[in-house]
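The primary structure of each chain is shown beneath.
There are 2 protein chains.
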Amino acid sequence: MKVPVLQNILSANDQIAARNQALLVQHRVLAVNVMSSPGAGKTTLLMETIKRLKGKVRIGVIEADIASSIDADKISREGVPAIQINTGGQCHIDANMVKSALDRLPLKDLDLIFVENVGNLICPADFKIGTLKNVMLLSVPEGHDKPYKYPLIFTTSEAVIVSKMDYLPLSDFDLKIFKEVVTGLNPGAKILPMSARSGEGLADWIMWLEAQLKQVR
Amino acid sequence: MKVPVLQNILSANDQIAARNQALLVQHRVLAVNVMSSPGAGKTTLLMETIKRLKGKVRIGVIEADIASSIDADKISREGVPAIQINTGGQCHIDANMVKSALDRLPLKDLDLIFVENVGNLICPADFKIGTLKNVMLLSVPEGHDKPYKYPLIFTTSEAVIVSKMDYLPLSDFDLKIFKEVVTGLNPGAKILPMSARSGEGLADWIMWLEAQLKQVR
Numbered sequence: 009m010k011v012p013v014l015q016n017i018l019s020a021n022d023q024i025a026a027r028n029q030a031l032l033v034q035h036r037v038l039a040v041n042v043m044s045s046p047g048a049g050k051t052t053l054l055m056e057t058i059k060r061l062k063g064k065v066r067i068g069v070i071e072a073d074i075a076s077s078i079d080a081d082k083i084s085r086e087g088v089p090a091i092q093i094n095t096g097g098q099c100h101i102d103a104n105m106v107k108s109a110l111d112r113l114p115l116k117d118l119d120l121i122f123v124e125n126v127g128n129l130i131c132p133a134d135f136k137i138g139t140l141k142n143v144m145l146l147s148v149p150e151g152h153d154k155p156y157k158y159p160l161i162f163t164t165s166e167a168v169i170v171s172k173m174d175y176l177p178l179s180d181f182d183l184k185i186f187k188e189v190v191t192g193l194n195p196g197a198k199i200l201p202m203s204a205r206s207g208e209g210l211a212d213w214i215m216w217l218e219a220q221l222k223q224v225r
Numbered sequence: 009m010k011v012p013v014l015q016n017i018l019s020a021n022d023q024i025a026a027r028n029q030a031l032l033v034q035h036r037v038l039a040v041n042v043m044s045s046p047g048a049g050k051t052t053l054l055m056e057t058i059k060r061l062k063g064k065v066r067i068g069v070i071e072a073d074i075a076s077s078i079d080a081d082k083i084s085r086e087g088v089p090a091i092q093i094n095t096g097g098q099c100h101i102d103a104n105m106v107k108s109a110l111d112r113l114p115l116k117d118l119d120l121i122f123v124e125n126v127g128n129l130i131c132p133a134d135f136k137i138g139t140l141k142n143v144m145l146l147s148v149p150e151g152h153d154k155p156y157k158y159p160l161i162f163t164t165s166e167a168v169i170v171s172k173m174d175y176l177p178l179s180d181f182d183l184k185i186f187k188e189v190v191t192g193l194n195p196g197a198k199i200l201p202m203s204a205r206s207g208e209g210l211a212d213w214i215m216w217l218e219a220q221l222k223q224v225r
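Chains as they are written, first to last, in my numbering: chain A, 9 to 225; chain B, 9 to 225.
Be a bit skeptical, because a hint or two may be false.
Identical chains share a label here; the pair holds if one copy fits it or two copies do between them.
Using 25 Å as the maximum straight-line C-alpha spacing, the simulated PhoX-like pairs for lysine-lysine come out as follows [claimed, not checked]:
1) LYS82 with LYS184
2) LYS187 with LYS82
3) LYS116 with LYS184
4) LYS184 with LYS62
5) LYS198 with LYS82
6) LYS107 with LYS157
7) LYS187 with LYS107
8) LYS157 with LYS222
9) LYS157 with LYS62
10) LYS222 with LYS184
11) LYS141 with LYS62
12) LYS198 with LYS116
13) LYS64 with LYS82
14) LYS116 with LYS187
15) LYS64 with LYS157
16) LYS157 with LYS116
17) LYS82 with LYS157
18) LYS64 with LYS184
19) LYS59 with LYS82
I should point out that these hints are in silico values taken from the structure, not numbers from a laboratory.
Note that the structure is a prediction, hence the values are computed from the model and not measured.
Let's have the full structure, built from the sequences with the hints guiding it.
Set out below in structure tokens:
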């Protein structure tokens, strides 16, 4: 008698993530999972992106935090539909949380959804949520050695933003070494040095984002 | 028939944490759990502390990271016994990992053990490991709103170090608001603004640490 061997059975989370992705593809919405440590500039990046794409791209935002709705409040003041998820202690969002948020967003009227994940470099990289692209930020003050210590998030991100480049003169962050290590881990990654304060790198980011949007729409 | 109600049964982790703590008390060793986001300056703080206490206080270090032994290598070059724990993806260390490390440290010849936890503001605050004191760092570039978003770690830390104060002129970090919020969450917390680069705050930190050492020895 043959023993049944079951392969590639999706976990409950991955099943819901696959359904989220199907729903987004059906509505031709690009969903982007934005990850970083606390304070690396996720919300600032979204605010700057919204300002630059207003009137051209219809954006929605899902904000995730352990506690508080500070970020969703900021975003919704820009006139963009924003949903806050409080994970109540969990260090990442899961597919079911994103499903609940998608149910409350007007998908028919959106081109682009940002999911701002909980701030840390570890757990968010481990959980599929149904977004099409992963983007991560590492800020200059965090140090260029972080890809050695937290390799998974660098490996799973299509774009790696080096934020707070205006801190570079005060820091010993070595951009050359950083690029080499990230490219070694993830040869396809787009590395984008950026400063929301000076505006450096924002045009490149918008160009990257528009290229991803074209693939979906 | 009465239903048995069992209360305060320690989890497996907390049982081991209690045994770690008993072992440390027996050896009159002060163990300090050091927590922060990646790159906030935990290793730098330990290096500066080791330099200042060399010859006076016998220090050992347990380093925890997802991957790599960069930090333990740095520390051991200071001539201090250092053990590296790789958690292999887990976002915090647990009591059993610390037990394994304590088994390899010369407890009889130590006064102070630092446990440098995995870099994030969420999971480490949730797990007892048997240390007597919790210390956390928040660096200025991370922003003063973090206690709203990650309240638990601020509530469970006896000392809250505000690191990278030399970045303050470039930042909108509001130290007054930060102190008010942290004191609201945790009235007993010692708040220590610090810059490893300028040396600001290091004397206060050493003084705080020596007061904790006196309680144990």
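Hints versus structure:
{"no.": "1", "hint": "LYS82 with LYS184", "verdict": "between (34 Å within a copy, 22 Å between copies)"}
{"no.": "2", "hint": "LYS187 with LYS82", "verdict": "between (32 Å within a copy, 23 Å between copies)"}
{"no.": "3", "hint": "LYS116 with LYS184", "verdict": "neither (43 Å within a copy, 45 Å between copies)"}
{"no.": "4", "hint": "LYS184 with LYS62", "verdict": "neither (34 Å within a copy, 35 Å between copies)"}
{"no.": "5", "hint": "LYS198 with LYS82", "verdict": "neither (28 Å within a copy, 31 Å between copies)"}
{"no.": "6", "hint": "LYS107 with LYS157", "verdict": "between (31 Å within a copy, 23 Å between copies)"}
{"no.": "7", "hint": "LYS187 with LYS107", "verdict": "neither (35 Å within a copy, 37 Å between copies)"}
{"no.": "8", "hint": "LYS157 with LYS222", "verdict": "neither (34 Å within a copy, 35 Å between copies)"}
{"no.": "9", "hint": "LYS157 with LYS62", "verdict": "neither (37 Å within a copy, 28 Å between copies)"}
{"no.": "10", "hint": "LYS222 with LYS184", "verdict": "neither (31 Å within a copy, 46 Å between copies)"}
{"no.": "11", "hint": "LYS141 with LYS62", "verdict": "within (21 Å within a copy, 49 Å between copies)"}
{"no.": "12", "hint": "LYS198 with LYS116", "verdict": "neither (29 Å within a copy, 51 Å between copies)"}
{"no.": "13", "hint": "LYS64 with LYS82", "verdict": "within (21 Å within a copy, 50 Å between copies)"}
{"no.": "14", "hint": "LYS116 with LYS187", "verdict": "neither (38 Å within a copy, 45 Å between copies)"}
{"no.": "15", "hint": "LYS64 with LYS157", "verdict": "neither (39 Å within a copy, 32 Å between copies)"}
{"no.": "16", "hint": "LYS157 with LYS116", "verdict": "neither (41 Å within a copy, 32 Å between copies)"}
{"no.": "17", "hint": "LYS82 with LYS157", "verdict": "between (32 Å within a copy, 14 Å between copies)"}
{"no.": "18", "hint": "LYS64 with LYS184", "verdict": "neither (35 Å within a copy, 40 Å between copies)"}
{"no.": "19", "hint": "LYS59 with LYS82", "verdict": "within (13 Å within a copy, 44 Å between copies)"}
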